[in-house]
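K.L.:
Letter by letter, the chains look like this.
Number of protein chains: 2
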Amino acid sequence: MTAEIISVGTELLLGNILNTNAQFLSQELAALGITVQRQSTIGDNHDRLAEWVEAAKARADLLVFTGGLGPTADDLTKETVAACYGDSLTFDPEEWEKITSFFARMGRQTTPNNRKQAMVPVHGQKIPNAHGTAPGAWFEQEGRCAVLMPGVPAEMKAMWAEQVRPRLLARQNCTLHSLTLRVLGGESDIEYRVRGLLKNENPTAAIYCKTGESEIRITARAASDQDGAQMCRAYAKKFYDLLGDAVYDEDVPGLAHTVVHTLAARGLTLSTAESCTGGMIAQQLTGVPGASDVFGYGFVTYWEQAKARLLGVNPAVIERYNVVSGPVAAQMARGARAASGSDLAVAVTGLAGPGGGDAVRPVGTVYIAGAAGTSVFVEKFHYVRPDRENTRARAAHAALELALRLAQGKAPAGCYRIDAAACSDPAALAALDGALIL
Amino acid sequence: MTAEIISVGTELLLGNILNTNAQFLSQELAALGITVQRQSTIGDNHDRLAEWVEAAKARADLLVFTGGLGPTADDLTKETVAACYGDSLTFDPEEWEKITSFFARMGRQTTPNNRKQAMVPVHGQKIPNAHGTAPGAWFEQEGRCAVLMPGVPAEMKAMWAEQVRPRLLARQNCTLHSLTLRVLGGESDIEYRVRGLLKNENPTAAIYCKTGESEIRITARAASDQDGAQMCRAYAKKFYDLLGDAVYDEDVPGLAHTVVHTLAARGLTLSTAESCTGGMIAQQLTGVPGASDVFGYGFVTYWEQAKARLLGVNPAVIERYNVVSGPVAAQMARGARAASGSDLAVAVTGLAGPGGGDAVRPVGTVYIAGAAGTSVFVEKFHYVRPDRENTRARAAHAALELALRLAQGKAPAGCYRIDAAACSDPAALAALDGALIL
Chain A
1 MTAEIISVGT ELLLGNILNT NAQFLSQELA ALGITVQRQS TIGDNHDRLA
51 EWVEAAKARA DLLVFTGGLG PTADDLTKET VAACYGDSLT FDPEEWEKIT
101 SFFARMGRQT TPNNRKQAMV PVHGQKIPNA HGTAPGAWFE QEGRCAVLMP
151 GVPAEMKAMW AEQVRPRLLA RQNCTLHSLT LRVLGGESDI EYRVRGLLKN
201 ENPTAAIYCK TGESEIRITA RAASDQDGAQ MCRAYAKKFY DLLGDAVYDE
251 DVPGLAHTVV HTLAARGLTL STAESCTGGM IAQQLTGVPG ASDVFGYGFV
301 TYWEQAKARL LGVNPAVIER YNVVSGPVAA QMARGARAAS GSDLAVAVTG
351 LAGPGGGDAV RPVGTVYIAG AAGTSVFVEK FHYVRPDREN TRARAAHAAL
401 ELALRLAQGK APAGCYRIDA AACSDPAALA ALDGALIL
Chain B
1 MTAEIISVGT ELLLGNILNT NAQFLSQELA ALGITVQRQS TIGDNHDRLA
51 EWVEAAKARA DLLVFTGGLG PTADDLTKET VAACYGDSLT FDPEEWEKIT
101 SFFARMGRQT TPNNRKQAMV PVHGQKIPNA HGTAPGAWFE QEGRCAVLMP
151 GVPAEMKAMW AEQVRPRLLA RQNCTLHSLT LRVLGGESDI EYRVRGLLKN
201 ENPTAAIYCK TGESEIRITA RAASDQDGAQ MCRAYAKKFY DLLGDAVYDE
251 DVPGLAHTVV HTLAARGLTL STAESCTGGM IAQQLTGVPG ASDVFGYGFV
301 TYWEQAKARL LGVNPAVIER YNVVSGPVAA QMARGARAAS GSDLAVAVTG
351 LAGPGGGDAV RPVGTVYIAG AAGTSVFVEK FHYVRPDREN TRARAAHAAL
401 ELALRLAQGK APAGCYRIDA AACSDPAALA ALDGALIL
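The listed protein sequences derive, respectively, from chains A and B.
Going by UniProt numbering, the first sequence opens with residue 1, and the numbers climb by one from there.
Going by UniProt numbering, the second sequence opens with residue 1, and the numbers climb by one from there.
Extracted from the complex, chain A is given alone in its bound form (with noise of 0.2 Å):
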């Protein structure tokens, strides 16, 4: 089965609004084994629409449109699909009262073009929406189906999953099911890695690439769920025969999700002490529902004297090694710990530019460290790609990175250790820093 995504607005042509629906609709038509051939993006302009319409109806068993149901003369998507698919358009009365409805409940009234949006195909289908006032049409002509949904991507998605899909599966007479696996490292080397399970025909298996980890997304078409379930997890297999413990957790939106999770089923909690990242790493710990059972003192100390007030940070160490370094980013660490009382402790100090730097110490440099137990781990990360922000969410991931493994109860692969004890013996933070200058 093959299809086009074609959206409707001309906002869309003026680069007012970014088109995120093409890509949604364009994974998901995927998932269902449907191949999308184009992705078109026309204005509300009638015989530019009904032209395209027809050459696209000639090219493709589907045409899925969003955008252009709504009540102004500019919407014109219905009526000008409906002539293409040899169908027209009636009143529906029962459409009209959800619409006088809801603008009551909203205090306004409603105009005449509003009319407009209760009319639905006469020999096609009306898709309900449960999420606003305009409703989505089916149109179908010698085994050629059109479908219209809403631009607004909050409704276009909610009556793409709740009508849309499961007419499809139907007519596919199977079911999907699908398996996320997140997984920890530089993208470009996991795409690499994982090359040739990419191009498999079912289950299909994509990689989206995201800051310090990717996404891999495993899904499987099969008569029953279970049978997709089964079919997801024997192909996930072949990733983590590849990718082993870098996979670090399945169908969570991201590594603040594991980390919170892992904390509370093992009933520790964590601090952050935050210099370079500012509050990025509390930000996305709190982000999470139920952070508040793991999480309570984030410490963002952006000057030297905030970090020794609040932290207990040496000045004469910040003095001798720099406030970038891993003396400074250890005791950080050990006195987020002490300030809040919390199990763990996760510790940035850095350079994420654009001014500052020199040969020792360049933008880029950023100085990680986790307190647990009797123990400090101090890692040193350079990031080359010198933009502030980039720097600034690499060095907040790696710190959740780290934050999991310590939350594992995992010795952290290539940090050094310090004794908790020893963070503030001169010969120790010598050591410390000698290891990690280098």
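Hints are computed from structural coordinates only; laboratory data are not their basis.
Derived lysine-lysine pairs resembling DSSO-like cross-links, with alpha carbons at most 27 Å apart:
(1) Lys210/A with Lys237/A
(2) Lys410/A with Lys237/A
(3) Lys157/A with Lys210/B
(4) Lys199/B with Lys116/A
(5) Lys157/A with Lys116/A
(6) Lys116/B with Lys199/A
(7) Lys210/A with Lys157/B
Model the placement of chain B on the given structure of chain A, informed by the hints.
P.N.:
Relative to chain A, chain B alone:
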């Protein structure tokens, strides 16, 4: 002049990447006075591509391509478009030299495929790529043009700004000047108020909605930059006349920048105390280069005991009024100022959900406080869309808005004022709570 944007790449049709290039180019072409009539995305398939280009060439004066310039057999755009414009390709030793030396610097070997990237138009022009290995191309036939750029957004944007836009400006014998206004307030409300100014030929004006604010971009085409600047300024005045001081700044990336710049200009410092926003305000402030001049301390006090220990919030006040309340917000702001010694402080406590909430404090209830001089200002918000991230983002934005008013030395509108010294006084706290609970 009319144009179509054609993105080439199977990875776009699979939804593996989001097409941000089309939006960027649509904005840029609109600013140049070029009407984009269609955007389309097609795969790396020779026959489909050729057919598509022939049809598009018949419709539009200019075709703008991104993607398909890589070294693999899949990358067909250049030869296909060349043929459609009656041109062909020839090997360019200078480009080949660039490619081989780039590979040598990376410690890698070129493959025979890489020679494809050194092929350039015979009659048209190559477009130098200062940020990657693949040169772009310009084809022309009977006044109809095609320009080919790489698909990687950073390379494409650089080639556009350095090479393609200047060519188009020279053709149109003009220059471009832009001015961006940043406007506080409800997005649809702002758009409604300025709608009469958004359909202008020159300067053009477009509105982009963001969390808690809008961006209005004014772009003038003129013979000189000076003329363009004057045209933009005159048109901006129309927006100022409609919007007044809702326009908070010009040509900055966002509110945090204006807050940092305003604080710096006035020699003031700010600290933050965050509960439900969990570090988001601090993270936005520290995202601004130079933030360390004005921001040193951020407290993420997610637990009640953290509010008490770090900010001196009275547990009895939490007990009496609830942790999500005006009295607690006021004590948090006062405490952050005291603990950090900053001139100003802002604090947020709220219920981002998804759980919790009752009739008095439903999910989405947020209290924001700002401390300055002898005053603490407190404001209550209720965000109706029940989405954790959206509630947090809007609360952080509202706190920055309050910080801006305090930094400007303005009494913030819509706030309840309490004397800083009265923040421990039971009667004053009761009055504050009563005023904001209603």
